[in-house]
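Visitor: Here are the chains, one letter per residue:
Number of protein chains: 2
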Amino acid sequence: AWADGNAKSGAQKIKTLQCQSCHGKDGLSKLPGAPNLAGQAQDYLIAALGAYRSEDRKNEIMNTVAKPLTDADIADLTAYYASLQITVKPPAP
Amino acid sequence: AWADGNAKSGAQKIKTLQCQSCHGKDGLSKLPGAPNLAGQAQDYLIAALGAYRSEDRKNEIMNTVAKPLTDADIADLTAYYASLQITVKPPAP
Chain A
3 AWADGNAKSG
13 AQKIKTLQCQ
23 SCHGKDGLSK
33 LPGAPNLAGQ
43 AQDYLIAALG
53 AYRSEDRKNE
63 IMNTVAKPLT
73 DADIADLTAY
83 YASLQITVKP
93 PAP
Chain B
3 AWADGNAKSG
13 AQKIKTLQCQ
23 SCHGKDGLSK
33 LPGAPNLAGQ
43 AQDYLIAALG
53 AYRSEDRKNE
63 IMNTVAKPLT
73 DADIADLTAY
83 YASLQITVKP
93 PAP
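So the sequence lines, in the order shown, correspond to chains A and B.
What the first sequence shows, in the working numbering, is residues 3 to 95, in sequence order.
What the second sequence shows, in the working numbering, is residues 3 to 95, in sequence order.
Errors might be hidden in some of the hints.
Heads up, the list lumps identical chains together, so a pair's fine if it works in one copy or across two of them.
Unchecked claim - Cut-off 20 Å, straight-line C-alpha distance, at most; resulting in silico cross-link-like pairs (DMTMM-like, lysine to aspartate or glutamate):
{"id": "1", "residue 1": "K15", "residue 2": "D45"}
{"id": "2", "residue 1": "K32", "residue 2": "D45"}
{"id": "3", "residue 1": "K91", "residue 2": "E57"}
{"id": "4", "residue 1": "K91", "residue 2": "D28"}
{"id": "5", "residue 1": "K60", "residue 2": "D45"}
{"id": "6", "residue 1": "K69", "residue 2": "E57"}
{"id": "7", "residue 1": "K27", "residue 2": "D58"}
{"id": "8", "residue 1": "K69", "residue 2": "D45"}
{"id": "9", "residue 1": "K91", "residue 2": "E62"}
{"id": "10", "residue 1": "K17", "residue 2": "D28"}
{"id": "11", "residue 1": "K15", "residue 2": "D28"}
{"id": "12", "residue 1": "K32", "residue 2": "D58"}
{"id": "13", "residue 1": "K17", "residue 2": "E57"}
{"id": "14", "residue 1": "K15", "residue 2": "D58"}
{"id": "15", "residue 1": "K32", "residue 2": "D75"}
Honestly, the hints are just simulated from the structure, not real lab data.
My request is simple: use the sequences and hints to build the entire structure.
Guide: Spelled out as structure tokens, the structure:
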């Protein structure tokens, strides 16, 4: 089942999996087409990684990256990125 | 083709389409499972909306919402959310 995961071990796994080359250690996109992940809703990230792992959602890089991930990996990785605090400048009225 | 879109008319279209009920006027998720959109990479958002419109990417709500959108709509809507400025608190070292 999806545990809430551990952001600290998530940070380790991100180094191993090299997520930061596209998504950044700070969770801001480093590659055109790669989304920002910082502060993203964890359940959304869990659903996205699960869909890439099962190939419900198609993306060459992400299907390859997600294939070997365990539920615990997904919980930890998403916990890390969801834990990054973002603030949004209020939109113009 | 994908123009860069106009954030101002995007804000209008968001009111009409009620995007803010799930994604918020400030682009922060208001519904479990709905992602934050604030400051997201515009090309990623354009690709996502295009995939929901063509149903390459499956999601009941988003396939319905995206169906009638024109390329110009997609450019404007994504321009609005991409224009919201986010700052990320640097992750713990």
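Visitor: Confirm or reject each hint.
Guide: Here's how the hints hold up against the structure:
In this homomeric assembly, K15 and D45 come within 20 Å of each other (Cα to Cα) only inside a single copy, at 19 Å, whereas the closest approach across copies is 27 Å. In this assembly of identical chains, K32 and D45 lie within 20 Å of each other by CA distance solely across copies; the values are 13 Å between and 23 Å within a copy. In this homomeric assembly, K91 and E57 never come within 20 Å of each other (Cα to Cα): the closest approach is 35 Å inside a single copy and 32 Å across copies. For a Cα distance limit of 20 Å, the shortest separation of K91 from D28 qualifies both inside one copy, at 18 Å, and across copies, at 8 Å.
In the homo-oligomer, the alpha carbons of K60 and D45 lie at most 20 Å apart both inside one protomer (19 Å) and across protomers (17 Å), since each shortest distance falls under that limit. Taking identical chains as interchangeable, the C-alpha atoms of K69 and E57 lie at most 20 Å apart only when both belong to the same chain, with a minimum of 9 Å there against 23 Å between chains. In this assembly of identical chains, the alpha carbons of K27 and D58 never lie at most 20 Å apart, being 26 Å within a copy and 29 Å across copies at closest. Only within a single protomer do K69 and D45 lie at most 20 Å apart by alpha-carbon distance; the minimum there is 19 Å, versus 25 Å between protomers.
In the homo-oligomer, the alpha carbons of K91 and E62 never lie at most 20 Å apart, since the shortest distance is 34 Å inside one protomer and 30 Å across protomers. Taking the closest pair of Cα atoms, K17 and D28 come within 20 Å of each other only inside a single copy of the chain (12 Å); across copies the shortest separation is 31 Å, beyond that limit. In the homo-oligomer, the alpha carbons of K15 and D28 lie at most 20 Å apart inside one protomer (15 Å), although the nearest pairing across protomers, at 31 Å, exceeds that limit. When the C-alpha separation of K32 and D58 is checked against a cutoff of 20 Å, the pair qualifies neither within a copy, at 25 Å, nor between copies, at 25 Å.
Taking identical chains as interchangeable, the C-alpha atoms of K17 and E57 are never at most 20 Å apart, the minima being 23 Å within one chain and 34 Å between chains. With identical chains, the CA atoms of K15 and D58 are never at most 20 Å apart, being 23 Å at best within one copy and 30 Å at best between copies. Neither within a single protomer nor between protomers do K32 and D75 lie at most 20 Å apart by alpha-carbon distance, with minima of 22 Å and 26 Å respectively.
Checked against the numbered hints above, the structure breaks hints 3, 7, 9, 12, 13, 14 and 15 and satisfies the rest.
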